[in-house]
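Undergrad: Order-wise, the sequence lines are chains A and B. In case it helps, our numbering puts the first sequence at residues 1 to 486. In case it helps, our numbering puts the second sequence at residues 1001 to 1109.
Hints are computed from structural coordinates only; laboratory data are not their basis. Don't take each hint at face value.
Stated by the list, open to error - Taking lysine-lysine and the DSS-like style, the derived pairs with C-alpha atoms no more than 30 Å apart in a straight line are:
#, chain 1, residue 1, chain 2, residue 2
1, A, Lys93, B, Lys1021
2, A, Lys413, B, Lys1021
3, A, Lys288, A, Lys93
4, A, Lys288, A, Lys394
5, A, Lys93, A, Lys109
These figures come from a predicted structure and were not determined experimentally.
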Amino acid sequence: MSLYSLSLSEMAEGLRAGEFSCEELTQSSVDRIGATQPAINALTTDSFEQALAQAREVDARPAGRSWQPLEGIPFLHKDIFCTEGVTTSCGSKMLANFVPPYSATVHQKLRDQGAVCVGKTNMDEFAMGSSNENSYFGPVRNPWNTDRVTGGSSGGSAAAVAARWTPFATGTDTGGSVRQPAAFCGLTGIKPTYGRVSRWGIVAFASSLDQAGIIARSAHDCALGLGAIAGFDPQDSTSVDRPVPDYAAGLQSSLEGVRVGVPDEYFGEGIETPVADLAHAAIDDLAKAGAQIERVSLPHAHLAVPTYYIVAPAEASSNLSRFDGVRYGYRCENPRDLTDLYMRSRGEGFGTEVKRRILVGTYALSAGYYDAFYLKAQRVRRLIAADFEQAFEKVDVLVGPTTPTPAFEVGEKAHDPVSMYMADINTTALNLAGLPGLSMPVGQVDGLPVGMQVIGNYFDEGRILNVAHQYQQLTSWHTAAPEMLS
Amino acid sequence: MLCYVAVFVTQLMTMSDFRPKVATTARLARLEIVTERMDQYAEEFAQILEFVGQLESVDTDGVEPMAHPLDLVQRLRPDAVQPLESTAAYTDLAPESEDNLYLVPRVVE
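Take the sequences, apply the hints, and build the full model.
TA: Here it is, written out as structure tokens:
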């Protein structure tokens, strides 16, 4: 078996036992990327040289030392995390040549652990998209079927892990951007509670919704990744100061007596029957493992997508005003005056979906419309969060299909923004409320993976990881690999 | 009630009415929309506003707006100087800079 295809735990064990070196492991990942990048387009920038140099440093450390959990393990960053000295494009022409002078806290934490970053992954421009077709660097292709999308916006990270480039990758999730591509690519992906992971050094999209997460092949590997990146950061004023549990050590609890809520609304209009059937089958498996299944209701769930598509563009329009063609990023040729410089640098530097959202967001915040759109959305946001609060009085976790369908075809929804937005029907509400959620694979439809979402109460990442881990002890969907790459 | 009237009015407008609205909004956002793409943006803008307009019918009387998850209070840090090692590391990122200054087209004649 090639080194690149080992699981994270197998890699860690092999390194510790001296079966292979970190340089050999990293080189295996580099070779794998080179061989499969043309088919899936998941990479934007490589950092192979830095990675191999870091791997040699790991190899030079004394044998028999105490290893950190991710020491020597190769990984990839979504190209939204600032990496000092390595281009951070955010999938945009605007930042195509941006080389940050500092690194995101998430990157620093992973480096401090000894994890080896081999490159940056393709993504929807500024994390705006549900198919990874909005990238300046072209669409990412799903390793399960290259005519299909990967989901978005962390589509490159999901495709890379599915293609066995590295055992885990980082992502960010503003409305489903970790969970939805994880579902489409047969992976486990976790979006933690808002404030659990520092946002410092992550290019901002919608600051009250953005949260970094991990995409990996199992709940266990997600637990290791999340443990490495979570924690308080004085550089992020919204980062929450509370201890980080040992998530991997907490994966031993039985599901006996765990109360699993099934919201009727998550099986409603638009959810394809085979997807719903697989989620129900997974819920039956949880019940067999001792979980108590209860029906619950989230009466405002259907309002999450329209609410999200006011709140997120409004915040984005404000955040993206920093891209002005003056201090960094793209500048147009021969500006006539300062206004022309602003308008053309932004008009030429941003892609269609980003411009669309800046327009909607600016409109929603403008005089005369602020109350009707933005304030109204904020009020509905509270109703959506209150639904969850009431549900969690009765149950420990909530479950339902992550997405309404398996991965759709490249180009299928590209010209219908509202139809594309509905791909997020079961994922956006968590971001509005700030809750943690993960997606895990629970089956396949026509050879395409289907994911089920497990939602937890605030800071209850340990519990949802354990539910997923227990499910993965009983089933093998998470071990399935795309055929084209075997 | 004025705000609800605004939503209602947008729903009655036809696509062509959205062109000036998009143009004004683009100007506010300092975002060039090229003429040949204006119809497409106006059409999609109309669709999106119609879609998000469904919130209008939700009863939110007495509901406090939620700006932020966890209703966090802004934390303050000590007001202490944190010197940058090199300002050049930042100004060098600019498309045009000189002597630690960002260069833009002349703004005062």
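Undergrad: Tell me if the straight-line CA distance from A/Lys288 to A/Lys93 falls inside 30 Å.
TA: violated (51 Å)
Undergrad: If you draw a straight line from the CA of A/Lys288 to the CA of A/Lys394, is it 30 Å or shorter?
TA: With Cα atoms ~20 Å apart, A/Lys288 and A/Lys394 stay inside 30 Å; holds.
Undergrad: Within 30 Å, alpha carbon to alpha carbon, are A/Lys413 and B/Lys1021?
TA: holds (26 Å)
Undergrad: Hey, A/Lys93 versus B/Lys1021, does the alpha-carbon distance stay inside 30 Å?
TA: holds (27 Å)
Undergrad: Do the alpha carbons of A/Lys93 and A/Lys109 lie within 30 Å of each other, as the hint requires?
TA: Between A/Lys93 and A/Lys109 the Cα gap is close to 28 Å, so the pair holds against 30 Å.
Checked against the numbered hints above, the structure violates only hint 3.
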